[in-house]
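There are 2 protein chains.
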Amino acid sequence: MTDIWIMRIGHRPQRDKRVTTHVALSSRALGAKGMYVDTADRILEENVRSVCDRFGGDFEISTGVNWKDRIKEFDGIVVHLTMYGQKMDEALPKIPDGRDMMIVVGAEKVPPEVYERADMNVSVGNQPHSEIAALSIFMYALTNGRSLYKDRNGRFTVIPNERGKTVAEVPK
Amino acid sequence: MTDIWIMRIGHRPQRDKRVTTHVALSSRALGAKGMYVDTADRILEENVRSVCDRFGGDFEISTGVNWKDRIKEFDGIVVHLTMYGQKMDEALPKIPDGRDMMIVVGAEKVPPEVYERADMNVSVGNQPHSEIAALSIFMYALTNGRSLYKDRNGRFTVIPNERGKTVAEVPK
Numbered sequence: 001m002t003d004i005w006i007m008r009i010g011h012r013p014q015r016d017k018r019v020t021t022h023v024a025l026s027s028r029a030l031g032a033k034g035m036y037v038d039t040a041d042r043i044l045e046e047n048v049r050s051v052c053d054r055f056g057g058d059f060e061i062s063t064g065v066n067w068k069d070r071i072k073e074f075d076g077i078v079v080h081l082t083m084y085g086q087k088m089d090e091a092l093p094k095i096p097d098g099r100d101m102m103i104v105v106g107a108e109k110v111p112p113e114v115y116e117r118a119d120m121n122v123s124v125g126n127q128p129h130s131e132i133a134a135l136s137i138f139m140y141a142l143t144n145g146r147s148l149y150k151d152r153n154g155r156f157t158v159i160p161n162e163r164g165k166t167v168a169e170v171p172k
Numbered sequence: 001m002t003d004i005w006i007m008r009i010g011h012r013p014q015r016d017k018r019v020t021t022h023v024a025l026s027s028r029a030l031g032a033k034g035m036y037v038d039t040a041d042r043i044l045e046e047n048v049r050s051v052c053d054r055f056g057g058d059f060e061i062s063t064g065v066n067w068k069d070r071i072k073e074f075d076g077i078v079v080h081l082t083m084y085g086q087k088m089d090e091a092l093p094k095i096p097d098g099r100d101m102m103i104v105v106g107a108e109k110v111p112p113e114v115y116e117r118a119d120m121n122v123s124v125g126n127q128p129h130s131e132i133a134a135l136s137i138f139m140y141a142l143t144n145g146r147s148l149y150k151d152r153n154g155r156f157t158v159i160p161n162e163r164g165k166t167v168a169e170v171p172k
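The listed protein sequences derive, respectively, from chains D and H.
Read in order, the letters of the first sequence are residues 1 to 172 in my numbering.
Read in order, the letters of the second sequence are residues 1 to 172 in my numbering.
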């Protein structure tokens, strides 16, 4: 299995703190290896690492990352998610097997250069909605959701339950 | 095709304005009929209606709705999305055909009563992530994404494009 990385562009720490945290945690739940964020944001890093400490896995987060450099250096397919892109169902079969992927998601408008530098511009619907939703659906369709219940050897593990909450805790 | 409604619980207008807007717009893009929000929030209503005015469709939003009453009155299946619930893949085949659905999504913790009043508590992964992601993946899997590119007869229609932005505008 190849690695998936997220590149978050246009993050403004105050305004986007909750939305970018959702981007990080949902991509982690769906099996991404890690996320880069263009703007430095230590609080965001701490919040995401705190979840990883409790729930396990090896998701990485780095902030203050230059997106142009990161895309240029990246050895794999760069997919930019945008409501203007080609349809997801048509794009998925064109993705070559066996290569790592970087998925670029913007907060509001992204610079036109992103459309040029990405290998593919892909839409998850042609309506304005949510980069969290677009990223999650795209990753779900790409991976068949195989990471959603993966054992991450965390201190806490949630056991699916039809009616209440069941959490297994490993003593420290 | 039956109707899907969203019930958003625990909305705090200042803190959740962006996240609840994402919930509304992604559920609209995925074909929901409308959304109820427990806390009154006129600005949220205006923002969502403004998107509907421009991009079409008949998505409805009401805020200041009592969730207990709304669930009690609802003639259909009530599904509560929570990381503690039964696995989505096991839940989906149990959903009866031909009935409307209300999908309940909380902001942070929901009252224990929600777990009791819902017909099904369903998880989209057993990791903490995002109600926007959970709702989107659930609706995508439930509907096979059939509404993502539906023609909504809006003033603006985005035409999928591999490289740039193409928007068709109907003159007023």
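Everything labelled a hint here was simulated from the structure, so no lab data went into it.
It is possible that some hints are incorrect.
Note: identical chains are not told apart, hence a pair may lie in one copy or across any two.
Computed list of lysine-lysine pairs in DSSO-like fashion (alpha-carbon distance at most 30 Å, straight line) [what the hints assert, rightly or not]:
1) K94 with K17
2) K165 with K17
3) K87 with K150
4) K94 with K72
5) K172 with K68
6) K33 with K109
7) K72 with K33
8) K72 with K172
9) K68 with K150
10) K33 with K68
11) K109 with K165
12) K165 with K87
13) K87 with K68
14) K94 with K172
15) K172 with K109
16) K33 with K94
17) K87 with K17
18) K94 with K150
19) K87 with K33
20) K33 with K150
Here's how the hints hold up against the structure:
no.	hint	in the structure
1	K94 with K17	neither (34 Å within a copy, 37 Å between copies)
2	K165 with K17	both (27 Å within a copy, 28 Å between copies)
3	K87 with K150	both (29 Å within a copy, 12 Å between copies)
4	K94 with K72	within (21 Å within a copy, 47 Å between copies)
5	K172 with K68	neither (42 Å within a copy, 40 Å between copies)
6	K33 with K109	both (25 Å within a copy, 27 Å between copies)
7	K72 with K33	within (19 Å within a copy, 42 Å between copies)
8	K72 with K172	neither (42 Å within a copy, 43 Å between copies)
9	K68 with K150	neither (32 Å within a copy, 34 Å between copies)
10	K33 with K68	within (20 Å within a copy, 40 Å between copies)
11	K109 with K165	between (39 Å within a copy, 12 Å between copies)
12	K165 with K87	between (38 Å within a copy, 13 Å between copies)
13	K87 with K68	within (25 Å within a copy, 39 Å between copies)
14	K94 with K172	neither (46 Å within a copy, 39 Å between copies)
15	K172 with K109	between (45 Å within a copy, 25 Å between copies)
16	K33 with K94	within (22 Å within a copy, 33 Å between copies)
17	K87 with K17	both (29 Å within a copy, 29 Å between copies)
18	K94 with K150	both (27 Å within a copy, 23 Å between copies)
19	K87 with K33	both (25 Å within a copy, 23 Å between copies)
20	K33 with K150	within (13 Å within a copy, 33 Å between copies)
Hint compliance for this structure: hints 1, 5, 8, 9, 14 are broken, all remaining hints hold.
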